[in-house]
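A.B. asks: Taken in sequence, the protein lines are chains A and B. Residues in the first sequence are numbered consecutively from 1, following this note's numbering. Residues in the second sequence are numbered consecutively from 1, following this note's numbering.
Quick caveat, the hints were computed from the structure, so don't treat them as lab data. Positions of the beta carbon are idealized from the N, C-alpha and C atoms, including for glycine. Check the hints yourself; a few may be wrong.
To be verified - Cβ-to-Cβ under 10 Å is the rule here; a few derived chain A residues that face chain B:
#  : residue
1  : Arg126
2  : Phe147
3  : Arg151
4  : Arg246
5  : Ser248
6  : Glu253
7  : Ala270
8  : Glu276
9  : Leu277
10 : Asp310
Said to hold, decoys possible - FRET-style restraints, in silico, Cβ to Cβ:
#  : chain 1 : residue 1 : chain 2 : residue 2 : range
11 : A       : Gly268    : B       : Ala385    : 34 to 42 Å
12 : A       : Arg151    : B       : Ala178    : 47 to 55 Å
13 : A       : Arg249    : B       : Leu291    : 33 to 41 Å
14 : B       : Gly433    : A       : Gly65     : 40 to 48 Å
15 : A       : Gly268    : B       : Ala120    : 24 to 32 Å
16 : A       : Gly268    : B       : Pro32     : 26 to 34 Å
17 : B       : Asp66     : A       : Arg158    : 28 to 36 Å
18 : B       : Ser260    : A       : Ala167    : 39 to 47 Å
19 : A       : Gly65     : B       : Asp66     : 44 to 52 Å
What the hints assert, rightly or not - Away from chain B, derived, C-beta distances all over 10 Å, residues of chain A:
#  : residue
20 : Tyr9
21 : Pro145
22 : Val146
23 : Gly192
24 : Glu216
25 : Cys220
26 : His314
Below, each chain spelled out in residue letters.
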Amino acid sequence: MRPIEHWLYPTPQGLYCEAGDFYIDPPRPVDRALITHGHSDHARSGHAHVLATPETIAIMKVRYGAACAGAFQSAHWGAQQKIGDVTVRFVPAGHILGSAQIVIERGDCRAVISGDYKRASDPTCRPFELVTCDVFVTEATFALPVFRHERGEDEARRLVQSIARNAERTHLLGVYGLGKCQRMIALLRQQGYHDPIWLHGALVGLTALFQDLGIELGDCRPASTATDAELKGALVMCPPSALLDRWSRRMGEDPVRVFASGWMRVRGRARQRGVELPLVVSDHADWPELLNTIVETGAEDVWVTHGREDALVHQLSLMGRRARALDLVGYEDDAE
Amino acid sequence: MRAFAEVLDCLSTTQSRTGKLALLTDYLRSAPDPDRGWALAALTDGLPLRIGFRRILSDLMAERTDPVLFKLSRDFVGDTAETVSLMWPAPESIVEPPRLGEVVDWLLNAKPSEHAAIIATILDRCNVRERWAFLKLIGGAPRVGVSARLAKTAVAQIAGLDVSAVEEVWHALKPPYAELFSWVEGRSERPDPGSVPVFRPMMLAHPVEDADWPTLDPNEFAAEWKWDGIRVQVAAKAGDVRVYSRTGDDISPAFPEIRSAFSHHDVVADGELLVVRQGTVAPFNDLQQRLNRKSVTGKMLREHPAHLRLYDLLFTRGEDIRMLSFDDRRRRLENWHASERPLLTDLSALVEFDTFSELEDLWRGAREAGIEGLMLKRRASPYLAGRPKGHWFKWKRAALTLDCVLMYAQRGSGKRSSLYSDFTFGVWRPREGSNERELVPVGKAYSGFTDAELRDLDRFIRANTTETFGPVRAVVPKLVLEIAFDAVQPSSRHKSGVAMRFPRIHRIRWDKPAEEADTLEATMALIG
Numbered sequence: 001m002r003p004i005e006h007w008l009y010p011t012p013q014g015l016y017c018e019a020g021d022f023y024i025d026p027p028r029p030v031d032r033a034l035i036t037h038g039h040s041d042h043a044r045s046g047h048a049h050v051l052a053t054p055e056t057i058a059i060m061k062v063r064y065g066a067a068c069a070g071a072f073q074s075a076h077w078g079a080q081q082k083i084g085d086v087t088v089r090f091v092p093a094g095h096i097l098g099s100a101q102i103v104i105e106r107g108d109c110r111a112v113i114s115g116d117y118k119r120a121s122d123p124t125c126r127p128f129e130l131v132t133c134d135v136f137v138t139e140a141t142f143a144l145p146v147f148r149h150e151r152g153e154d155e156a157r158r159l160v161q162s163i164a165r166n167a168e169r170t171h172l173l174g175v176y177g178l179g180k181c182q183r184m185i186a187l188l189r190q191q192g193y194h195d196p197i198w199l200h201g202a203l204v205g206l207t208a209l210f211q212d213l214g215i216e217l218g219d220c221r222p223a224s225t226a227t228d229a230e231l232k233g234a235l236v237m238c239p240p241s242a243l244l245d246r247w248s249r250r251m252g253e254d255p256v257r258v259f260a261s262g263w264m265r266v267r268g269r270a271r272q273r274g275v276e277l278p279l280v281v282s283d284h285a286d287w288p289e290l291l292n293t294i295v296e297t298g299a300e301d302v303w304v305t306h307g308r309e310d311a312l313v314h315q316l317s318l319m320g321r322r323a324r325a326l327d328l329v330g331y332e333d334d335a336e
Numbered sequence: 001m002r003a004f005a006e007v008l009d010c011l012s013t014t015q016s017r018t019g020k021l022a023l024l025t026d027y028l029r030s031a032p033d034p035d036r037g038w039a040l041a042a043l044t045d046g047l048p049l050r051i052g053f054r055r056i057l058s059d060l061m062a063e064r065t066d067p068v069l070f071k072l073s074r075d076f077v078g079d080t081a082e083t084v085s086l087m088w089p090a091p092e093s094i095v096e097p098p099r100l101g102e103v104v105d106w107l108l109n110a111k112p113s114e115h116a117a118i119i120a121t122i123l124d125r126c127n128v129r130e131r132w133a134f135l136k137l138i139g140g141a142p143r144v145g146v147s148a149r150l151a152k153t154a155v156a157q158i159a160g161l162d163v164s165a166v167e168e169v170w171h172a173l174k175p176p177y178a179e180l181f182s183w184v185e186g187r188s189e190r191p192d193p194g195s196v197p198v199f200r201p202m203m204l205a206h207p208v209e210d211a212d213w214p215t216l217d218p219n220e221f222a223a224e225w226k227w228d229g230i231r232v233q234v235a236a237k238a239g240d241v242r243v244y245s246r247t248g249d250d251i252s253p254a255f256p257e258i259r260s261a262f263s264h265h266d267v268v269a270d271g272e273l274l275v276v277r278q279g280t281v282a283p284f285n286d287l288q289q290r291l292n293r294k295s296v297t298g299k300m301l302r303e304h305p306a307h308l309r310l311y312d313l314l315f316t317r318g319e320d321i322r323m324l325s326f327d328d329r330r331r332r333l334e335n336w337h338a339s340e341r342p343l344l345t346d347l348s349a350l351v352e353f354d355t356f357s358e359l360e361d362l363w364r365g366a367r368e369a370g371i372e373g374l375m376l377k378r379r380a381s382p383y384l385a386g387r388p389k390g391h392w393f394k395w396k397r398a399a400l401t402l403d404c405v406l407m408y409a410q411r412g413s414g415k416r417s418s419l420y421s422d423f424t425f426g427v428w429r430p431r432e433g434s435n436e437r438e439l440v441p442v443g444k445a446y447s448g449f450t451d452a453e454l455r456d457l458d459r460f461i462r463a464n465t466t467e468t469f470g471p472v473r474a475v476v477p478k479l480v481l482e483i484a485f486d487a488v489q490p491s492s493r494h495k496s497g498v499a500m501r502f503p504r505i506h507r508i509r510w511d512k513p514a515e516e517a518d519t520l521e522a523t524m525a526l527i528g
């Protein structure tokens, strides 16, 4: 049997499995793509054949249109499937709705491509499922020891308290439109916040999709339909880029700008964006989660994709593991 | 520690002054003594602790973390104390953090050799926000956008007082300021500032407007030059000398020679701090080298010698003469100076004139370095705190103007945070080794426009962006801004080799083609 590096390796088109003739999350159109999750740097349009979880396929269709790939095939959670010379299955990654780790087996060698993942609880998606393996391909978005995320529940409570304290001011919450947005809504509902939540136009479609797929998010409405009186003291959610944009001028003289992201751990990042209430909530694994997960998989080899590879590779070598950076192109290591 | 950490955390991300003030006042009202007093000290003059902060932090981290990871983290975060607070390997279950007063007591009563162990123990007992607040507390200036004056304003607000009431007694007090809180809460008498050289709120001027002239009688006013240094108050008593800035910050450590010059006097004087060489006032830039320092080197003292040009006298030998008229105080100042001859000082001469038109000629002719304009002071006015109307006027010399091209714009903060409101502009110079010209930045302006103009500029910037770097946008160089400024000075810090003093947007020249804007050569010609 040839060593795994000969049948699974990075190429300019993305991570390629030669033994099954497919790419994983390729940044450019290819014939056959396996997609871990719906974020735009992982799921692109224009592939001839796409294999992904049903939720990821639904997300891609909302984002890019029903014809964004030549053909879609649903991967059923946990079901083994033979592709060429390998077997493949999709296992929950806990990152966002539909996000999966892709487990590839050939002979007695097992590789897990984790995509993006987290271990913290998330009411909008299936929890991360641990699969032991020989090769673990991990993200490294928050791979620095300074990153320790707060519990989403605690941060949501801080936001609810701030809304109660500032009855005159609109709270403007910046979130990434897919995943973080709906997770924050669900967390706020768990904390007993049941007022209408007003959404920037860019968040409306995906939020409706989550609701269609049976995720309870309560009363969410487009912000464009709100009167000025309704916006006073209300919670409005928008993509991060709109936090300081002209759009935000509608939110009164002095809105409370809030941003929910793992980057908010670092004060300079919050100040740079004019954020008054930084919430340290992330859909990625933080430093302890990354290390614990890698140890639990028992992988002898760890391949590190996008993010702060240098720190993680260094730490793993201190821990006596073989680790290398894959240097894949096309992923946003700053995204969240 | 918990309440302090919470308020410091909020302060670090709150942008509006009102918001910060409300947070601080709430905290100072509700926190117990001596915790709030130590917090106040940290935000004003600093805690009276001597800790080898940087060395201790690096030793503690070397024992606990990998150096490569620490460096990568430090580079990413950009602040050592914050990096330590984030990386600190805290025990799984955190007990109640220590009280702020306890923390300061431990450190105050410890030997330097014990500091590291105490700091580690405290860090072990705190969560991440508390660790950050604790390290900011003991590490010197917390840099959360709170000036000493804002903190004092918050104390004054507890009693509904003006900040000047707190400033008058401030320098007679010591942390943790129990007397101060007891006074503002009405539980005791006003602390007596009598025995220490304290700051007395200064008297400030209004700009003279065109509409003012007909109401002013030249016989009722004295005129003097407005020098381009920084306004200071020197308070000397029984060998103790303090130099205060206009806002009451104690800047004495940066000016030891002024302190020595006044060490045998008993006086409170108002004047302009300048750098003077062989009787000539140096450009403001020279004085700037001496500001914001905790100590000075012998080289600094030789190369940038400080000098005090006196304007006024507030106290002599313990006598408060602030209620005397300007003319009477001026006589007292002249007599005192003639008999005492303090070193490194002279008097700001009065400018003689009979009519305002005569004065205007003098004002127009004043182009020498160090003169910012003229001051008009009502002869009968007492020395009043703050900026009372109708007593003192400043008549700044006519601004210089240049046509510059808008190059970059940066987002504002607070209410301006959705607008591009900080503008970097440049002038033309020949590009090296070619016949073409290029723009080189010469300054940055934040003011001088109306709200409507700001929206127009914002729209222009968004429509003409060529590149975005974080909060900054580069724009197509095609909009001419007529920039007004007080002076141009040589500067080694700017690529262009010049720096403008007080630049502001005078007019937006939507009509003027960028090619017709001014050149670096024309800008250099204005140095003087």
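A.B. asks: Which earlier hints can't be squared with this structure?
C.D. replies: The structure breaks hints 1, 3, 12, 14, 18, 21, 22, 26; every other hint is satisfied.
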